[in-house]
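Could you put together the complete structure from these sequences and hints?
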Amino acid sequence: MMSAQKVVVPLSAVLALVLLACVGYVFAPLHYFMLVILPYLCGVIFIAGFIYRIIRWAQSPVPFNIPTVCGQEESLHWIRQDKQGSPSNYLQLTWRMLLEIFFFRSLFRNSKTEQAGQGRLVYGGNQWLWLGSLAFHWSLFVIIFRHLRFFTEPVPALVIWLTELDGILQLAIPTLFITDFVILAALTYLFIRRVAFAQARFISLPSDYLALFLILGVALSGVLMRSIFRVDLVAVKDLALSIITFRPSLNLSGSVGLPFFIHLLLVCCLLAYFPFSKMMHAPGVFFSPTRNMLNDSRRKRHVNPWDRPVRVHTYAEYEDEFRVQMKKAGLPLEIDEAGNK
Amino acid sequence: MYDKGKVILGLAIFLCLASFPAWYIVLTGKGDYRPAPVLATSENQCVESKQYMREYHMQLLNQWRDDAVRNGRAIYTATDNRTYDINLTGTCLNCHSNKAEFCDSCHNYQGVAPNCWDCHNVPVMGK
Ligand code: HEM
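Chains as they are written, first to last, in numbering that gives the first Met the number 0: chain G, 0 to 340; chain S, 0 to 126.
To be clear, the hints were calculated from the coordinates, so they are not data collected in a lab. Among the hints, erroneous ones may be present.
Between beta-carbon pairs, the in silico distance windows are [what the hints assert, rightly or not]:
# : chain 1 : residue 1 : chain 2 : residue 2 : range
1 : G       : ALA115    : S       : ILE12     : 45 to 53 Å
2 : G       : SER276    : S       : HIS106    : 33 to 41 Å
3 : S       : THR27     : G       : PHE228    : 26 to 34 Å
Which bits of chain G does chain S cover? Going by a derived footprint, with three or more residues having C-beta under 8 Å, they are [what the hints assert, rightly or not]:
# : stretch
4 : 52-65
5 : 143-150
6 : 154-164
7 : 169-180
8 : 222-232
9 : 247-260
Keep in mind it's a predicted model, so treat the numbers as computed, not measured. Note that CB positions come from ideal geometry on N, CA and C, so glycine has one too.
And the structure:
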């Protein structure tokens with residue numbers, strides 16, 4: 000595919016979804032489908048697909064002990080071990096995994112190699128991707144956590160507390176959230192990185208852009224809904240509560256507007272797409288043998304679960320079988336017919 | 000399946016987190032709670048239409064504040080040409096005199112606590 004197409008196709012797909020949400024909004028008979036059936040359907044696809052993918056992964060054997068270590072392994076007591084880089088027990092491993100999950104430690108080690116003039120290679124760090132993706136993921140987490148106020152009653156104090164912390168700048172009314180800025184900026188950076196750098200552009204697939212555009216669409220529609228095209232949030236919460244209590248009803252205290260239809264449809268598509276997309280890297284990190292294994296292969300034998308019992312034919316057996324012939328041919332024997340070495 | 004115990008534990012954690020709202024609402028038993036803001040006024044019309052107020056009252060208040068504090072305006076002309084004194088306590092809370100059962104009932108439901116009342120007065124309810 001040409002690189003422009005790789006961007007345009009997924010972009011059109013997301014725009015088509017926005018259009019579809021408008022259609023669903025205009026035709027009242029579709030409201031029940033858009034606001035009730037679709038969320039349930041996509042919720043089920045998300046959870047079932049997620050579990051299915053994980054069980055498939057758990058069924059794959061790990062033939063070798065392949066932790067990607069980056070430091071001194073456990074050795075003699077006077078050689079200092081790099082406990083994070085080369086964990087040899089589960090405590091160290093848990094620490095390494097936590098740093099990976101919460102701070103993307105291995106991405107921080109991202110390096111670049113550039114040619115500086117005549118055949119001179121220069122190696123350096125490249126932490127921009129790390130920064131951008133950390134900013135993006137943490138904002139996403141905070142935003143989703145803040146959304147719990149639509150799904151809980153009474154709203155837990157922790158949710159209110161985080162919401163206030165996030166809105167601490169008290170810019171404008173309704174307060175602009177720090178994470179809203181950060182997620183939009185980070186997503187923009189992640190997109191620009193893909194199109195501006197030749198190498199990233201070359202390996203990017205339409206599915207990479209689709210995930211980006213879907214999330215960007217969700218975030219943008221959310222921010223616009225909050226700051227400009229407001230909807231009746233009390234009605235939104237009525238709907239959300241009716242759905243999670245499994246007593247769905249469109250008998251709300253007000254009507255939810257078009258921006259909410261768009262936001263919700265994009266979220267539903269994101270959820271349904273999630274288990275079949277690269278976004279499964281979220282649970283995937285737990286299943287990465289390069290991250291989740293101990294560097295203890297010199298101490299403990301890693302048995303390849305793929306191994307079948309191999310039928311071997313040892314040299315001793317071979318000699319037993321051909322001893323007479325070998326003797327006749329004058330070949331040296333380890334054990335002669337009399338049984339002497 | 001390899002590492003069955005760990006995988007099932009992980010999946011159980013995922014399911015607990017993903018279904019948090021569903022079981023939390025069962026625990027609190029408030030799934031059917033809906034706020035019922037008490038109007039407490041004999042007037043039959045708000046500053047703007049009801050739907051507009053539900054969606055945009057915070058932005059209207061923001062505009063009122065800027066008008067009063069920055070642009071020195073004291074009167075707001077509504078879409079239907081009626082005029083209102085720009086005053087949070089004196090106008091909004093004159094009609095909606097029961098802040099706790101009006102403003103707060105919605106705001107608690109939404110988990111927002113506007114800080115306006117740190118400085119602005121809440122009229123004491125007359126008996
Ligand atoms: C992947 C999941 C979702 C993401 C990433 C997301 C993202 C956002 C963002 C960035 C905002 C801007 C304001 C803010 O940060 O609070 C927002 C607002 C909003 N979202 Fe979502 N959203 C998601 C799911 C949902 C769901 C499932 C609902 C259904 C109840 C929803 C309803 C809303 C509403 C009503 C607003 C407006 C909030 C306001 O005006 O204060 N969102 N969303």
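Consistency of the hints with the structure:
1. G:ALA115 x S:ILE12: 45 to 53 Å: At 48 Å between Cβs, range holds.
2. G:SER276 x S:HIS106: 33 to 41 Å: The hint (33 to 41 Å, Cβ to Cβ) holds, given that SER276 of chain G and HIS106 of chain S are roughly 38 Å apart.
3. S:THR27 x G:PHE228: 26 to 34 Å: holds, 32 Å
4. 52-65: Since three or more residues must qualify, the claim that chain S covers the stretch 52-65 of chain G holds, with 7 doing so at under 8 Å.
5. 143-150: With 3 residues closer than 8 Å to chain S, the stretch 143-150 of chain G meets the three-residue bar; holds.
6. 154-164: holds (count 6)
7. 169-180: Satisfied; 4 residues make the cut.
8. 222-232: holds (count 4)
9. 247-260: holds (count 4)
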